[in-house]
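Chains A and B supply the protein sequences, listed in that same order.
The first sequence begins at 1 in this note's numbering and counts up one residue at a time.
The second sequence begins at 380 in this note's numbering and counts up one residue at a time.
None of these hints come from the bench; they were simulated from the model.
Please note: incorrect hints may appear among the correct ones.
[To be verified] Calculated lysine to aspartate or glutamate pairs in the EDC-like style (CA-CA distance at most 20 Å, straight line):
no.: 1; chain 1: A; residue 1: Lys183; chain 2: A; residue 2: Asp223
no.: 2; chain 1: A; residue 1: Lys98; chain 2: A; residue 2: Glu250
no.: 3; chain 1: B; residue 1: Lys399; chain 2: A; residue 2: Glu198
no.: 4; chain 1: A; residue 1: Lys49; chain 2: A; residue 2: Asp223
no.: 5; chain 1: A; residue 1: Lys195; chain 2: B; residue 2: Glu442
no.: 6; chain 1: A; residue 1: Lys193; chain 2: B; residue 2: Glu430
no.: 7; chain 1: B; residue 1: Lys412; chain 2: A; residue 2: Glu250
no.: 8; chain 1: A; residue 1: Lys283; chain 2: A; residue 2: Glu256
no.: 9; chain 1: B; residue 1: Lys399; chain 2: A; residue 2: Glu156
no.: 10; chain 1: A; residue 1: Lys283; chain 2: A; residue 2: Asp362
no.: 11; chain 1: A; residue 1: Lys302; chain 2: B; residue 2: Asp504
no.: 12; chain 1: B; residue 1: Lys524; chain 2: B; residue 2: Glu455
no.: 13; chain 1: A; residue 1: Lys300; chain 2: B; residue 2: Glu430
no.: 14; chain 1: B; residue 1: Lys507; chain 2: A; residue 2: Glu156
no.: 15; chain 1: A; residue 1: Lys183; chain 2: A; residue 2: Glu286
no.: 16; chain 1: A; residue 1: Lys183; chain 2: B; residue 2: Glu455
no.: 17; chain 1: A; residue 1: Lys306; chain 2: A; residue 2: Glu330
no.: 18; chain 1: A; residue 1: Lys48; chain 2: A; residue 2: Glu20
no.: 19; chain 1: A; residue 1: Lys186; chain 2: A; residue 2: Asp223
no.: 20; chain 1: B; residue 1: Lys510; chain 2: A; residue 2: Glu157
no.: 21; chain 1: A; residue 1: Lys184; chain 2: A; residue 2: Asp223
no.: 22; chain 1: B; residue 1: Lys510; chain 2: A; residue 2: Glu262
no.: 23; chain 1: A; residue 1: Lys184; chain 2: B; residue 2: Glu430
no.: 24; chain 1: A; residue 1: Lys184; chain 2: B; residue 2: Glu413
no.: 25; chain 1: B; residue 1: Lys399; chain 2: A; residue 2: Asp200
no.: 26; chain 1: A; residue 1: Lys214; chain 2: B; residue 2: Asp504
no.: 27; chain 1: B; residue 1: Lys507; chain 2: A; residue 2: Glu62
no.: 28; chain 1: A; residue 1: Lys214; chain 2: A; residue 2: Asp362
no.: 29; chain 1: A; residue 1: Lys302; chain 2: B; residue 2: Glu455
no.: 30; chain 1: B; residue 1: Lys510; chain 2: A; residue 2: Glu149
no.: 31; chain 1: A; residue 1: Lys302; chain 2: B; residue 2: Glu499
no.: 32; chain 1: B; residue 1: Lys507; chain 2: A; residue 2: Glu157
no.: 33; chain 1: B; residue 1: Lys412; chain 2: A; residue 2: Glu149
no.: 34; chain 1: A; residue 1: Lys306; chain 2: B; residue 2: Glu442
no.: 35; chain 1: A; residue 1: Lys194; chain 2: B; residue 2: Glu413
no.: 36; chain 1: A; residue 1: Lys300; chain 2: B; residue 2: Asp441
no.: 37; chain 1: B; residue 1: Lys532; chain 2: B; residue 2: Glu442
no.: 38; chain 1: B; residue 1: Lys510; chain 2: A; residue 2: Glu153
no.: 39; chain 1: B; residue 1: Lys507; chain 2: B; residue 2: Glu455
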Amino acid sequence: MYSETQILKEASAGDIDGGELVINVGPQHPATHGVLHLVITLQGETIKKIEPHLGYIHRSIEKMCESLSYRQFIYVTSRMDYLSAHINNHACALCVEKGLQVEVPPRAKVIRVLMDELTRIASHELWLGAMAMDLGAFTPFFYAFREREAINEIMEETCGARLTMNYMVPGGVMFDLHPNFQKKVKAFITQFKKKVVEFDDLVTNNIIFQNRMKGIGVLSKEDAISYGCTGPVARASGVHCDIRKIYPYEIYDQLEFDEITESAGDSFARYMVRVREMHQSAKIIEQLIDNIPEGDYQAKTKAVLKLPKGEFYSRVETARGELGVYIVSEGGTTPYRIKFRSPGFSNLSALDHIARGGKIGDLMATMGTLDLVIPDIDR
Amino acid sequence: MAFIKQYISEVFGAVRSLWKGMRTTGRYFVRPKEIITQQYPDNRDTLVLPERFRGEVVMPHDENNEHACTGCTACELACPNGTIKIITKFDITPEGKKKKALDTFIYHLELCTMCNLCIEACPTDAIKMAKNFEHSVYDRSKLTKRLNKPGSKIREGIE
Chain A
1 MYSETQILKE ASAGDIDGGE LVINVGPQHP ATHGVLHLVI TLQGETIKKI
51 EPHLGYIHRS IEKMCESLSY RQFIYVTSRM DYLSAHINNH ACALCVEKGL
101 QVEVPPRAKV IRVLMDELTR IASHELWLGA MAMDLGAFTP FFYAFREREA
151 INEIMEETCG ARLTMNYMVP GGVMFDLHPN FQKKVKAFIT QFKKKVVEFD
201 DLVTNNIIFQ NRMKGIGVLS KEDAISYGCT GPVARASGVH CDIRKIYPYE
251 IYDQLEFDEI TESAGDSFAR YMVRVREMHQ SAKIIEQLID NIPEGDYQAK
301 TKAVLKLPKG EFYSRVETAR GELGVYIVSE GGTTPYRIKF RSPGFSNLSA
351 LDHIARGGKI GDLMATMGTL DLVIPDIDR
Chain B
380 MAFIKQYISE VFGAVRSLWK GMRTTGRYFV RPKEIITQQY PDNRDTLVLP
430 ERFRGEVVMP HDENNEHACT GCTACELACP NGTIKIITKF DITPEGKKKK
480 ALDTFIYHLE LCTMCNLCIE ACPTDAIKMA KNFEHSVYDR SKLTKRLNKP
530 GSKIREGIE
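Let the hints inform the model, and build the full structure from the sequences given.
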């Protein structure tokens, strides 16, 4: 006969049934946002190893881009990180402009930054709702979607589409702003500031929520750097990596905003970085919305774009981290090679490290705060 | 003792923070006017879409059944997906010269991503984006459309 303590002791040592248990989370699983397949090796409830299996939504976007012209390939990148489609398009447009040596008119620059920041808020809002839903809170999802809907309507009016806008073109933006744009954005900012307090009541200040987040999935500063993490994931570990601050593009160097960093590196720090980043984005929009310069919204470019022979690289800060676009041109109308450095892939690579040794119940909090978008990882 | 104290205060804190959240939810429960859910498809008649909304590519015809397409295939070249296929023919002008004209404008809606590049490329504004977004059909072949109406011809004065 075993006593109860003996059974517990042996179970925790993994001897009771020969040790490890391998389970599959995904590719179709309610807790993974998309087709992410994790092979998790467990010992009891403790995670021994996580192995992500990728490739379920691989569309070979990099290869596709090689057969598309410099105007055409921009729309495909909306399908990578579909929640920050504008910022992806922005990165590609910047890279092509670098090759063409085109000067973007000041009005287009301001419009681009405004759209980027609206996209960032929309992306973080969706993440906030989905994150709370991962942890079992269903209501915040609808509250987050209410704010996001206001942004989607602004996008729909100016760009013509809600999610995959394809608004950025080499040399500027596709259309001018809609006459209602300023009025609607101002109304959104007022509503956003009023309603964002609701999230503090609903989620942030909730003790149960905090207990599930604090001290879970700690990523140290050194590990964040060595895994190549960027964006809110790295900033929550204290790494200064905001591309808008360290390599400013467009007009970010003239704007007043803070780079949000936290030092704890746990899930709650990652959560707080994103929540506070939304306020900074709102601050940037407030600075710009009354100061949109008059003028052209698109620079004059040739009908057929040809990049000179050489290599071009541009980087932007998406809602998830650093997105790099690398174009090798042979002088023709299509790129010879395109490489996208996507933020999601590097952030996912740290998952095994930060979840190892933790409990399987905590995995959802860790994974949720990494803010993984699977089409961005697979491409 | 300190442990019990902390435990009890944690439980009360959790209940209090839960109550705070429920209060926010309850406020909307008793104020249904602040809810913004749209009752689609019941609101089809009152649904307003912005004028730039990209639903599908159409070719506007005027009352004389004339369009503005010259058959220059700029849209076909601009399309990243091979959505548009233009078949041209040669008209004989009154002077006896051959002139290139549009025969059939084939549009594959099932391949289209509504990226707007064809509209941007068109030099004569012959095509535009329509607002219709309910595209589901039972037969896939119905999504391949012919945009120029039968018997239509190019408007006078468009080169």
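| said: Tell me if the straight-line CA distance from lysine 507 of chain B to glutamate 157 of chain A falls inside 20 Å. | reply: This hinted pair holds, its Cα atoms lying about 16 Å apart.
| query | If you draw a straight line from the CA of lysine 283 of chain A to the CA of aspartate 362 of chain A, is it 20 Å or shorter? | reply | With Cα atoms ~34 Å apart, lysine 283 of chain A and aspartate 362 of chain A exceed 20 Å; violated.
| Has the given pair, lysine 412 of chain B with glutamate 149 of chain A, been kept, meaning a C-alpha gap of at most 20 Å? | OK: lysine 412 of chain B and glutamate 149 of chain A at ~17 Å, within 20 Å.
| Taking only the CA atoms, is the gap from lysine 507 of chain B to glutamate 156 of chain A under or equal to 20 Å? | holds (16 Å)
| 20 Å Cα cutoff - pair lysine 399 of chain B, glutamate 198 of chain A | holds (10 Å)
| query | Between lysine 186 of chain A and aspartate 223 of chain A, does the CA-CA distance stay at or below 20 Å? | reply | Since the Cα atoms of lysine 186 of chain A and aspartate 223 of chain A sit roughly 41 Å apart, the hinted pair is violated (cutoff 20 Å).
| field | Straight-line alpha-carbon gap lysine 193 of chain A to glutamate 430 of chain B, limit 20 Å | value | With a Cα-Cα distance of about 29 Å, the restraint between lysine 193 of chain A and glutamate 430 of chain B is violated, given a limit of 20 Å.
| If you draw a straight line from the CA of lysine 183 of chain A to the CA of glutamate 286 of chain A, is it 20 Å or shorter? | holds (12 Å)
| Hinted pair lysine 184 of chain A and glutamate 430 of chain B, Cα distance within 20 Å | Given pair lysine 184 of chain A, glutamate 430 of chain B holds - Cα atoms ~16 Å apart, limit 20 Å.
| Between lysine 283 of chain A and glutamate 256 of chain A, does the CA-CA distance stay at or below 20 Å? | Since the Cα atoms of lysine 283 of chain A and glutamate 256 of chain A sit roughly 8 Å apart, the hinted pair holds (cutoff 20 Å).
| field | Pair hint lysine 399 of chain B and glutamate 156 of chain A, alpha-carbon separation not exceeding 20 Å | value | violated (35 Å)
| Satisfaction of hint between glutamate 442 of chain B and lysine 306 of chain A, Cα-Cα up to 20 Å | violated (42 Å)
Violated hints for the displayed structure, listed by number in ascending order: 1, 5, 6, 7, 9, 10, 13, 16, 19, 21, 22, 26, 27, 34 and 36.
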